[in-house]
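Taken in sequence, the protein lines are chains A and B. So in my numbering the end of the first sequence lands on 862, straight run, no missing numbers. So in my numbering the end of the second sequence lands on 932, straight run, no missing numbers.
Take these hints with a grain of salt, some might be off.
[What the hints assert, rightly or not] Once the Cα atoms are required to be at most 35 Å apart in a straight line, the calculated DSBU-like pairs of lysine-lysine come out as:
(1) B:LYS879 / A:LYS802
(2) B:LYS919 / B:LYS879
(3) B:LYS876 / A:LYS788
The set of hints was computed from the structure by calculation and includes no laboratory data.
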Amino acid sequence: GAVVSQHPSRVICKSGTSVKIECRSLDFQATTMFWYRQFPKQSLMLMATSNEGSKATYEQGVEKDKFLINHASLTLSTLTVTSAHPEDSSFYICSARETRNNEQFFGPGTRLTVL
Amino acid sequence: TQLLEQSPQFLSIQEGENLTVYCNSSSVFSSLQWYRQEPGEGPVLLVTVVTGGEVKKLKRLTFQFGDARKDSSLHITAAQPGDTGLYLCAGDRTGTASKLTFGTGTRLQVTL
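Chain A on its own, in the form it takes in the complex (with noise of 0.2 Å):
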């Protein structure tokens, strides 16, 4: 099946600083990536649509200024949390779409802390 990484898998920084966040389809492109946000004990919400070559597309109550996006070629997408706080603390997952069937491939996630 389509691979997907994720790269770091860890993170923890100090808050007001930025964290960024890589997201690779390994053995296929992908036009759309998408970026999930997972509290734990809870389901997935998605925060944006990455497509390449163009601005993402945020989810209601997203703030693109916060949670920067840019996906510049078709196998990845980045996500900067921008001069993160405590409360930005979560789990991130990307997922990148196969053009072929329109399924989507998650990667492993990201754990972010912010002391």
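Dock chain B against the given chain A, drawing on the hints supplied.
Quick look at chain B alone, frame taken from chain A:
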């Protein structure tokens, strides 16, 4: 984003028992997917159903898509400890940008 309602939210059973997880919505979906997620990992796709009334089997797991494509169920026969995890349904709504709408999740624990 409207969520799909899953029931039960939590299920603890013994090895060998059968169980059914339900995924319900008032919206029609062009397709519906089931995922299993283990702690600290991303969801792993189990199956995609696209046709109303469709039934798919994956070893001991049976998935059904409702006739009206608004609901789905997952039935596990003879559950094993390896089935433990968070089960998520996710619908792809017709006419949208094909974003997935995730269910509320069902946490399954299978004990010896």
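For each hint, the structure was consulted:
At roughly 42 Å between alpha-carbon atoms, LYS879 of chain B and LYS802 of chain A are farther apart than 35 Å, so this suggested pair is violated. For the hint pairing LYS919 of chain B with LYS879 of chain B, the CA-to-CA distance comes to about 28 Å; that is within 35 Å, so the pair holds. For the proposed pair LYS876 of chain B and LYS788 of chain A, the alpha carbon gap of about 28 Å is at most 35 Å, so the pair holds.
In this structure, only the earlier hint numbered 1 is contradicted, and the remaining ones agree with it.
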